[in-house]
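> Single-letter residue listing:
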Amino acid sequence: MMTSTIKVMINGSTFELPATATLADAVALLPLKPPFAAAINLQFIPNTAYHHTPLHDADQIDLIAPVTGG
Amino acid sequence: MTMYSEKTPDDALVLYGQSFASRLLLGSSRYPSPGVLQAAVKLAQPAMLTASLRRQNLQAGEAAPNTFWALLAELNVPVLPNTAGCHSLQEVITTAQMAREVFGTPWLKLELIGDDYTLQPDTLNLVDAASRLIKDGFQVLPYCTEDLVLCQRLVDVGCQALMPWAAPIGTGKGPLNPYALRTLRSRLDVPLLVDAGLGLPSHACQVMEWGFDGVLLNTAVALAQDPVRMAGAFADATRAGRAAFLSGVMPEHDSAQPSTPVLGTPFWHQA
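The listed protein sequences derive, respectively, from chains E and G.
For the first sequence, the tail end lands on 70 under my numbering, and the numbers increase by one without skipping.
For the second sequence, the tail end lands on 341 under my numbering, and the numbers increase by one without skipping.
Worth flagging that the hints you see were computed from the coordinates, not collected in a lab.
One should not assume that every hint holds.
Stretch-level coverage of chain E by chain G, calculated; a stretch enters the list once three of its residues show a Cβ under 8 Å from a Cβ in chain G [what the hints assert, rightly or not]:
| # | segment |
| --- | --- |
| 1 | 5-13 |
| 2 | 17-30 |
| 3 | 37-46 |
Positions of the beta carbon are idealized from the N, C-alpha and C atoms, including for glycine.
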């Protein structure tokens with residue numbers, strides 16, 4: 001039997017989302033300011049693909065932004 | 071020593087076909103404040119400014135605008151994203167792809183760390199990483215050691231410029247292995263930018279005198295008591311070293327050579 005929710009890790013924190021959630025849904029829930037980029041399970045997801053990228057239980061999502069660097 | 075032979079008439083630094091007026095690249099980290107970084111960049115006029123990517127804080131409620139992003143836009147200096155902190159091939163590739171989307175540039179300072187204590191590059195996997203990224207369209211500037219064979223292999227897979235370290239990142243020790251660095255310079259005919267470990271403007275001047283094409287530094291400027299003045303000092307030293315290299319350095323002698331003419335010396339007598 002399918003569960004109605006999934007648990008994913010986003011930047012190290014656990015979030016519970018509908019089982020039908022896409023990456024776009026997850027991004028919309030979060031206090032993000034552009035620019036940022038996303039990866040799921042260490043695979044880059046282009047921003048044009050957020051809407052048709054389904055999430056799965058236990059996915060590890062990284063949302064990263066520009067910072068200073070050497 | 072082989073003179074690097076692709077100097078343009080105005081002596082611009084040319085990387086992957088793109089010309090840069092400055093031979094100094096600056097990091098953007100560890101400055102006392104964004105204002106100090108901004109002033110340092112405005113004074114030094116670097117060819118590029120490095121930047122990085124880190125996880126967004128999702129616990130902060132309403133997210134604040136990214137002030138660093140706004141500062142980059144204001145500075146209008148080409149950005150060189152890095153892959154700092156990556157320890158595996160997959161981490162490097164994914165970070166590079168994310169950086170390209172965020173910063174809108176194919177430039178990449180490839181950092182693949184093999185040892186956390188020295189931050190030494192993972193020399194066994196660096197060539198494979200560079201090869202894959204170049205095939206994916208990146209303009210890769212690999213942070214590497216001064217190992218000649220490693221650097222040759224990086225050139226073989228398409229790196230059009232290399233960034234050998236002078237010393238471990240942030241140590242400020244200056245060139246620890248002058249022999250290997252000078253050997254590298256004499257054997258490779260691609261632009262070589264000394265990256266990491268420079269602490270003094272004289273270090274930058276020294277490697278430029280040896281024929282290196284540029285320097286990249288961060289901590290030596292950012293942690294100076296007056297980072298803005300130090301940024302200017304490094305810019306001057308980099309230009310001075312380059313001018314000295316192009317001028318042709320005099321040969322060394324083991325014995326003294328009087329600079330004043332000996333002929334006609336008064337009161338001269340044979341001992």
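> Decide, hint by hint, whether the structure agrees.
Verification of the supplied hints:
1. 5-13: Check passed, 4 qualifying residues.
2. 17-30: Answer violated; 1 residues pass the 8 Å Cβ test.
3. 37-46: Check passed, 7 qualifying residues.
Of the hints listed earlier, the one the structure fails to meet is number 2.
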